[in-house]
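Undergrad: The primary structure of each chain is shown beneath.
There are 2 protein chains.
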Amino acid sequence: MPKPLGQVKVLDLTRVLAGPYCTMLLKELGAEIIKVEVPMIGDDARHFGPFKNNKSLYFMSINHGKESISINLKTEQGKRILRELVQQVDVLVENFRPGTMEKLGLGYELLKELNPRLIYAASSGFGHTGPDSQKPAYDMLVQAMGGIISITGWPDSPPTRVGMSIGDITASLFTAIGICSALYQREHTGQGQKIDVGMLDCQVAILENALVRYQVDGVPPKPLGNRHPTITPFQAFKAKDDYIVIPVGNDNLWKIFCQAIGREDLIEHEQFLTNKLRTEHLETLIPLLEAEIIKKTVAEWSDIFERVGLPHSPINTIDKVMTNRQILARNMIVEIEDKDVGAIKIAGNPIKMTSIEEETTRKPAPEIGEHTDKILKTFLGYSDEQIAELRQEGVI
Amino acid sequence: MPKPLGQVKVLDLTRVLAGPYCTMLLKELGAEIIKVEVPMIGDDARHFGPFKNNKSLYFMSINHGKESISINLKTEQGKRILRELVQQVDVLVENFRPGTMEKLGLGYELLKELNPRLIYAASSGFGHTGPDSQKPAYDMLVQAMGGIISITGWPDSPPTRVGMSIGDITASLFTAIGICSALYQREHTGQGQKIDVGMLDCQVAILENALVRYQVDGVPPKPLGNRHPTITPFQAFKAKDDYIVIPVGNDNLWKIFCQAIGREDLIEHEQFLTNKLRTEHLETLIPLLEAEIIKKTVAEWSDIFERVGLPHSPINTIDKVMTNRQILARNMIVEIEDKDVGAIKIAGNPIKMTSIEEETTRKPAPEIGEHTDKILKTFLGYSDEQIAELRQEGVI
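Order-wise, the sequence lines are chains Y and E.
Residues 11 to 406 in the numbering used here are what the first sequence spells out, letter by letter.
Residues 11 to 406 in the numbering used here are what the second sequence spells out, letter by letter.
These aren't lab readings, by the way, just hints derived from the structure by calculation.
It does not matter which identical chain is meant; a pair holds if it fits inside one copy or across any two.
Here are the simulated EDC-like pairs of lysine to aspartate or glutamate, each with C-alpha atoms no more than 16 angstroms apart in a straight line:
| id | residue 1 | residue 2 |
| --- | --- | --- |
| 1 | K232 | D329 |
| 2 | K286 | D261 |
| 3 | K373 | E345 |
| 4 | K62 | D227 |
| 5 | K145 | E316 |
| 6 | K248 | D166 |
| 7 | K387 | E94 |
| 8 | K145 | D313 |
| 9 | K355 | D227 |
| 10 | K65 | D227 |
With the hints as extra help, turn the sequences into a complete structure.
TA: If you want it as structure tokens, here you go:
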């Protein structure tokens with residue numbers, strides 16, 4: 011079986027993270043990604059660290075397997091090439107500030123005339139409508155604006171950012187859902203459509219029960235460090251050498267836990283009989299538990315908890331993540347072989363499907379314009395002479 | 011135009027968060043969701059707080075608009091009903107521990123014989139393969155195991171959990187992408203397939219550049235509080251009354267920022283000329299900036315930064331999020347009118363598409379088995395007598 015998007019062609023005008031991560035997902039699902047880059051300069055992320063041998067691993071890790079065509083969209087000929095390409099593809103993805111495509115004369119309203127089947131997906135900071143749609147966005151900004159920072163961290167610490175770009179990544183995921191659903195719908199309607207995803211909107215969409223918690227008591231939820239808001243004990247404890255996460259999710263596990271740490275006396279203690287009681291008395295309970303957990307190392311506790319069937323986890327640093335047996339068994343660490351950098355490990359595809367055969371390697375990311383000639387020839391039938399001329403004129 | 015998944019029927023066997031959030035997304039895209047619940051007990055999340063008038067708002071906020079049929083899957087007749095329903099739907103989603111469906115005699119291999127077009131999506135903690143696939147998972151556990159906790163928080167603080175269930179939510183999003191792409195593919199192949207998404211895998215997939223950062227210097231990335239790893243200044247600063255996020259993303263903004271805070275002298279300072287230099291000397295630079303920002307309130311700085319076009323944001327708490335003008339303009343806060351609870355506000359759909367007309371309300375979540383009779387009649391043609399008998403026998 012071919013991959014699910016095996017016949018889908020995507021014209022990718024995105025830069026940096028939210029857009030390229032989205033088209034990377036589409037690539038993993040089998041789509042052909044034609045990345046449009048500014049000649050000589052390319053995607054901004056080519057200039058973002060970390061670097062190895064002067065190449066951006068940041069760029070490489072989210073643009074593998076894409077093909078790059080360089081086009082100067084400020085020239086008339088460049089715009090013409092783009093319009094021609096639009097007629098040959100199924101999907102266009104862009105993450106410019108709203109209105110940029112219109113200023114270039116390449117807005118959705120014009121492009122859909124050229125290709126009514128086009129699915130046009132725009133990923134932006136604040137979406138294409140509303141009073142603040144024109145403002146610049148950064149991941150950190152939408153994390154602050156959308157509320158996630160207000161519920162992450164410690165009550166007495168400065169504001170704490172989620173340690174990865176959750177603003178960009180979730181926008182990528184929602185955009186990919188929109189694109190795939192529009193592809194499905196097009197099979198019935200024959201029509202494309204526009205998809206408009208704002209990073210800030212996505213931050214609100216993932217707040218989960220924080221919105222309703224606020225409506226019950228009128229108090230904005232606060233950060234809780236690492237403990238669960240309503241289940242106790244369910245947090246990281248300091249062991250002799252490092253922290254260990256112990257989620258005691260129900261009363262049965264509570265008994266197993268008390269036995270495992272040698273505090274059977276707590277099981278029938280009237281203040282700790284139910285989860286509700288344990289949460290009410292957590293300020294009494296947690297110090298009692300801390301006093302026990304500190305006595306042994308994470309490895310020692312892991313052995314004990316493993317034997318009695320109690321869930322637990324160390325706080326894995328990235329090196330441990332990359333060697334975790336389950337993560338490796340799931341093929342979640344794959345390798346790129348880049349001609350300049352050598353072998354680099356990146357994350358694999360978490361969507362395991364019958365139609366996607368697992369592969370342990372990925373193709374490298376393209377150089378700027380590496381596939382310009384190939385794309386102009388195969389998609390648009392340009393001749394070598396025409397291409398040479400366009401190159402001389404600085405169009406490609 | 012109908013919604014993109016307007017003709018899609020989903021049999022939803024999921025509980026708690028990762029599964030129900032996924033089928034909520036499918037519902038927003040137009041799918042019909044038939045939620046299968048244990049008679050009398052229902053989805054575990056019905057018993058999770060926050061509560062209002064004895065009803066779980068947690069449950070309500072992610073199950074709105076679904077229809078509920080109660081079936082006791084431990085009875086032979088219950089299994090038969092499920093097998094009959096499988097033949098009438100496009101998609102089945104479950105988030106049991108791997109092997110549970112097989113033990114019930116309802117594994118994918120059997121179900122696909124009944125309906126070769128069935129798209130069977132399993133969302134689980136560790137996926138359906140690998141040495142740890144049978145272990146129980148919680149959001150907190152996969153956050154710890156997958157590395158995100160190791161890069162979130164402060165260098166000197168205890169481990170910090172991301173303040174929402176990023177393990178569940180990202181698994182939902184990846185599963186929804188898999189389902190939509192499989193629906194698209196089925197239009198060409200006529201065949202369904204199995205999708206297998208593990209929460210832990212998804213945590214690895216969203217680590218972004220942390221994996222490659224580690225490979226450059228061999229040092230596992232550490233939490234950085236709220237600052238950007240490679241751009242400076244790009245963090246939250248303490249103003250007179252609260253914190254404000256100031257992302258100075260390029261050299262031009264650096265000049266504007268220095269002028270706005272009355273420190274033009276820093277613009278040409280040899281230690282701070284470029285972003286690279288500012289990041290190298292951040293321990294010198296940040297205290298100088300902190301000394302200025304503390305002098306005015308967040309509102310005062312916001313006015314100043316607004317005038318000069320410098321990006322900035324307060325740390326919005328949930329109450330501020332729910333009244334933010336852009337978030338409201340984007341219809342990202344919608345309302346449910348529940349007969350017992352009254353009006354409750356929840357997050358809207360961040361996937362804005364031509365084919366989805368914005369609606370400011372959502373239907374309430376179902377009671378356990380509220381639609382049992384309707385579904386048995388319309389999907390399977392059961393008579394009132396048959397239904398009464400099944401109810402008496404405790405099957406539904």
